[in-house]
Amino acid sequence: MQALYAQLLVGLINGSFYALLSLGLAVIFGMLNIINFAHGALYMMGAFVAYFLLNLGGINYWWALLLAPIIVGIFGMILERTMLQWLTGLDHLYGLLLTFGIALIVQGVFQNYFGSSGLPYAIPDQLKGGMNLGFMFLPVYRGWVVVFSLVVCLATWFLIEKTQLGAYLRAATENPTLVRAFGINVPRMITLTYGLGVGLAALAGVLSAPINQVRPLMGADLIIVVFAVVVIGGMGSIMGSIITGFALGVIEGLTKYFYPEASNTVVFVLMVLVLLVKPTGLTGRAA
Amino acid sequence: MTTLTDDTLPVTPRAMRDEMIVFVLMALLLAAVPFTGVYPFFVMQALCFALLACAFNLLIGYGGLLSFGHAMFLGTAGYCSAHALKVWALPPELGILVGIAAAFVLSIITGYISIRRQGIYFSMITLALSQLLYFIYLQAPFTHGEDGIQGIPQGHMFGVFDLSKPTVLYYVVLAGFLAGFLLIFRIINSPFGEVLKAIRENEPRAISLGYRTDQYKFLAFVLSGTLAGFAGSLKVFVAQNASLTDVHWTMSGEVVLMTLVGGLGTIFGPVVGAFVIIAMQQYLAGFGQWVTVIQGAIFVVCVLTFRRGVIGEIAHYFRRSL
Numbered sequence: 004m005q006a007l008y009a010q011l012l013v014g015l016i017n018g019s020f021y022a023l024l025s026l027g028l029a030v031i032f033g034m035l036n037i038i039n040f041a042h043g044a045l046y047m048m049g050a051f052v053a054y055f056l057l058n059l060g061g062i063n064y065w066w067a068l069l070l071a072p073i074i075v076g077i078f079g080m081i082l083e084r085t086m087l088q089w090l091t092g093l094d095h096l097y098g099l100l101l102t103f104g105i106a107l108i109v110q111g112v113f114q115n116y117f118g119s120s121g122l123p124y125a126i127p128d129q130l131k132g133g134m135n136l137g138f139m140f141l142p143v144y145r146g147w148v149v150v151f152s153l154v155v156c157l158a159t160w161f162l163i164e165k166t167q168l169g170a171y172l173r174a175a176t177e178n179p180t181l182v183r184a185f186g187i188n189v190p191r192m193i194t195l196t197y198g199l200g201v202g203l204a205a206l207a208g209v210l211s212a213p214i215n216q217v218r219p220l221m222g223a224d225l226i227i228v229v230f231a232v233v234v235i236g237g238m239g240s241i242m243g244s245i246i247t248g249f250a251l252g253v254i255e256g257l258t259k260y261f262y263p264e265a266s267n268t269v270v271f272v273l274m275v276l277v278l279l280v281k282p283t284g285l286t287g288r289a290a
Numbered sequence: 467m468t469t470l471t472d473d474t475l476p477v478t479p480r481a482m483r484d485e486m487i488v489f490v491l492m493a494l495l496l497a498a499v500p501f502t503g504v505y506p507f508f509v510m511q512a513l514c515f516a517l518l519a520c521a522f523n524l525l526i527g528y529g530g531l532l533s534f535g536h537a538m539f540l541g542t543a544g545y546c547s548a549h550a551l552k553v554w555a556l557p558p559e560l561g562i563l564v565g566i567a568a569a570f571v572l573s574i575i576t577g578y579i580s581i582r583r584q585g586i587y588f589s590m591i592t593l594a595l596s597q598l599l600y601f602i603y604l605q606a607p608f609t610h611g612e613d614g615i616q617g618i619p620q621g622h623m624f625g626v627f628d629l630s631k632p633t634v635l636y637y638v639v640l641a642g643f644l645a646g647f648l649l650i651f652r653i654i655n656s657p658f659g660e661v662l663k664a665i666r667e668n669e670p671r672a673i674s675l676g677y678r679t680d681q682y683k684f685l686a687f688v689l690s691g692t693l694a695g696f697a698g699s700l701k702v703f704v705a706q707n708a709s710l711t712d713v714h715w716t717m718s719g720e721v722v723l724m725t726l727v728g729g730l731g732t733i734f735g736p737v738v739g740a741f742v743i744i745a746m747q748q749y750l751a752g753f754g755q756w757v758t759v760i761q762g763a764i765f766v767v768c769v770l771t772f773r774r775g776v777i778g779e780i781a782h783y784f785r786r787s788l
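Read top to bottom, the protein sequences are chains A and B.
For the first sequence, this note's numbering gives the first residue as 4, with consecutive numbering after it.
For the second sequence, this note's numbering gives the first residue as 467, with consecutive numbering after it.
So here's chain B without its partners, still in its complex pose (with noise of 0.2 Å):
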């Protein structure tokens, strides 16, 4: 039936091993950053649509679930932090959770009336329902309509981090970006997510097993939105506005397309993916709408020719598992 990664390997010490000598190196690298002249913003850009990938991921990698609407949990969690923020005036670490909290809640409700129908269908409701709450911010006063929330004061993190700085707000984005990667990883290799593989690979026959593939599912789609919203409310302090652009399809799109690119199904394949779409947004900015074109004309050559993504082939090529 669904067949998304064609040599699915098995959990082995080995293979713990390597992906934890892949992360330790991933972490270095990204600790490194402030210190190689590298335009640090760029980065934490880049580190949340990474963690927001590695929520999707999680969903259509491990659940087989192709989520069409994942700007939702980014955009929610984003305008209720920075709602949070500004309005109220929280310190960081609270606002963080009020925006962790409305993603928790908007995926509880969209889970459940989402998870009814499979395949196709779930990618066309997670859309219709992205769009619909698109429309509600869209006219909802406490948003701005079409200004978005702007000037979001940065604060202290736990009183102490002072989040204006620079370095210091990107040592705390890299924290919560590898804290929430970390829990995606985890959750993989749990007990749970070789469950989800299961359900991935065949459904009806985790069903005769005795799963309530349903439960499995909702906790999946719970777990992947509240994740998501972690990703847009980092994302809050990073851009220090909170607007449409997040909630809109284009954004879910991207999503898709980071994943993709890295490699549906693998677990660092989502943050590389991230890297290079947001690379490419970068230097080609100038070209105005021919961005759309390149980023469809990626989709085009990954599913016709490059389904595996770059760390799929790299995976494959060493027959271990990233």
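Chain A with its partners taken away, still in its complex shape (with noise of 0.2 Å):
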């Protein structure tokens, strides 16, 4: 019993890294119309930045979380700014194109200078130890993980559906134009919008770089996982990609613990199960 709550705790864990980044690909997909492959590379570039503000300026994990979104996402805002605004009217594939050559571009640098190799970044003193819950251990620093992602995914949430900017926000999802006539800067707001999924990701990066260790890889084969992920739960709600994210994550800790050797897959075949089921996702509309 005890490796079954253990693996559902990895499981719970990835799962908020799922929610995390689906969550920050279907805000930029509502505004953008991209499908934001570069998602995983600004992923590890999160963790990375992590990593340096405490090896090179001595900023500590807290200081991390707040810097390492901002910074990530500034860089995000800079990218938007200089290229993507360009494929405005083209279609989608372009997108597509473009952000997967980033994230190359990204991953490449970096496997440059650090190699495929992890580098390790300690749990902060204030979360390392564990607690006896009785039926199971469950170490601070995993619970953490799992808690504080669910808040930020919920905060979004709010923004995005219950808050005046998430309103504007909405609406110039629909339709841009009309916004625009209302007086509101749409490209500002695309480009903070870019931002914010984009920080998402950095800081799921934060989170697990003393679960995972920090390595140039460790989000290009994650976001092939948070494609099915989206594809499975559809963009078309904030909340239904934070259910699937969470949802899929279980499932899948739930599969090391019964049939260790398709945990690699079950998200995949999950996937095909649901389009042959209901080809529109289980939460999306038509596409």
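Read the hints as simulated data drawn from the structure, not as lab findings.
Errors might be hidden in some of the hints.
Unchecked claim - Some chain B residues well away from chain A (every beta-carbon gap over 10 Å; in silico):
| id | residue |
| --- | --- |
| 1 | Leu496 |
| 2 | Phe570 |
| 3 | Leu649 |
| 4 | Phe651 |
| 5 | Phe658 |
| 6 | His782 |
Claimed, not checked - Some chain A residues judged to face chain B by a derived CB distance under 7 Å, without partners named:
| id | residue |
| --- | --- |
| 7 | Ile38 |
| 8 | His95 |
| 9 | Leu100 |
| 10 | Leu107 |
| 11 | Ala231 |
| 12 | Thr268 |
| 13 | Pro282 |
Think of the CB as a built atom: it goes at the ideal place given N, C-alpha and C, for glycine as much as any other residue.
Hints are included, so try docking the two chains, each in its own frame, into the full complex.
Here it is, written out as structure tokens:
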């Protein structure tokens, strides 16, 4: 039973990363009509920024949690201003190809300087150790990742669904021309949205640094799983992305316990099943 | 809606004639390679990738479907051919057939699943499916995991052509490439190809004209996947191994890059693109991961400033379809 709970926890942690990443993808797709292939690379950058902050600047985990998403978010906004904005009006696939190119560049540069092996990032002192919950032993840091991710996801949901800014955002997704006519600076909102989505990815990167180590290719395989998550959940709803992300993480964790050979593939197999049964995805509108 | 090629020219007798002239020139040029002292291994490798890119282009350039998983057909056919040649000791021609048959079956299954969604979802689904296969091949015993299938016997094609001789192998690969290329050329210029182009330009309109667009896209997917498998089987004889790199997503990305560089939706573009990218990898092999960075940079430059690709630009300049 201990092992089952441990795998469930690992599943919840992976689920938090899926949720944070697919949430960012959905937000970006809504505004920019682009599937951000660079999402995995920017997630990796988040982890590396945290690593640099600690080892070069002596800046601790807590500040990294705030600073890394901002730094990577600014990097993302520069990408949007210099490149992505020129794709407006072109076929979707050019956005995918462009961001794929950006991902190759970013990953290639980091691989050149850091190889493919992992760099250690220590768990902050406040989150070391574990708690005995009676039925299982819970490492504090892992519990923290799940709770904190959930809070961030819900905060993003609140921002988009319940605030004035979010209302503008949703309106601009539906009809950018009309929203511009009301005097709202839509291009600036698009840039900020990209920054937000990318910042969420970087945040996931910082959270994963102490668990998975900091590796140049840490985002490369993850992003493909997240794509499958997005296909399963659809990109129509924010809450849908969050729930699908966590649920698939848990299912993956359960698979690791009951049938470890399939743990790499279970998300893809589920994607196939969902496509066969309900081609539009679980929460999605027709694309 | 979808505007991949901004100047779609109708198929006229003159356009067909131009294309045939370029095809004959290309065939002659390639046939002369063994007499020029160019490293034949390099050209053979490029030819396999050129065929793969042409098959990929059939789907994106004429069907408007961006597959990000074409490596799965290359790798599956490669593994099956290699297994048939080495373990079952089949002759080369049957080995190739086994590979093609495997790619055919795989493309029917994956096509049935992925054609259900359009646009950007289609790309993500094909990518996820190829990753699924990657993990299966990583664990399956017959692929030998990280080692791959090595030391594949080349044998005698039809009992006559000794494939261990580089020149003979070269002409066999060239013949395979030209056959595949002509088949694609024929498909593009057939009524079926015209309907595909119509679907690419305006799918709702094609539906309103009574075409079952899903069936056309499915057939294009199966043709493309099977031909990509043919490229994978040929590649086994050139490389004499079948490994996980052929199924990895980076390979799918490279195919996209080749086609993009040469020109999406052009007939000769993928061939030019394949030669450019393979040559680049050859010359930059000593620079390690910088090759990845350069490939990424080419993606960015092509998408931002050079969307027609090499052949697309030439064709646009002369107002011809190439």
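Against the structure, the hints:
Against the 10 Å criterion, leucine 496 of chain B stays outside the reach of chain A, whose nearest CB is about 29 Å from its own CB. With a cut of 10 Å on Cβ distances, phenylalanine 570 of chain B stays outside the contact zone with chain A, its closest approach being about 19 Å. A cut-off of 10 Å between C-beta atoms confirms that leucine 649 of chain B is not in contact with chain A; the least separation is 25 Å. Look at phenylalanine 651 of chain B: its CB is around 24 Å from the nearest CB on chain A, clear of 10 Å, so calling it non-interface holds up.
Distance to chain A confirms phenylalanine 658 of chain B as a non-interface residue, since its nearest Cβ pair spans about 23 Å, more than 10 Å. No Cβ of chain A comes within 10 Å of the Cβ of histidine 782 of chain B; the nearest lies about 17 Å off, and the non-interface call holds. Look at isoleucine 38 of chain A: its Cβ gets to within about 5 Å of chain B, closer than 7 Å, so that hint holds up. The beta carbon of histidine 95 of chain A is positioned within 7 Å of a beta carbon in chain B (closest approach about 5 Å), and the interface hint is therefore held.
Interface hint at leucine 100 of chain A: satisfied, since its Cβ lies 5 Å from the closest Cβ of chain B, which is below the 7 Å cut-off. Evaluation of the leucine 107 of chain A hint against chain B yields a held restraint, the C-beta minimum of about 3 Å falling below 7 Å. For the restraint placing alanine 231 of chain A at the interface with chain B, the shortest Cβ-Cβ distance is roughly 4 Å, inside the 7 Å limit, so the hint holds. Below 7 Å, beta-carbon pairs count as interface contacts, and threonine 268 of chain A has one with chain B at about 5 Å; its hint therefore holds.
Residue-level restraint check for proline 282 of chain A holds (minimum Cβ-Cβ distance to chain B is 4 Å; threshold 7 Å).
Hint check: no violations occur; every hint is consistent with the structure.
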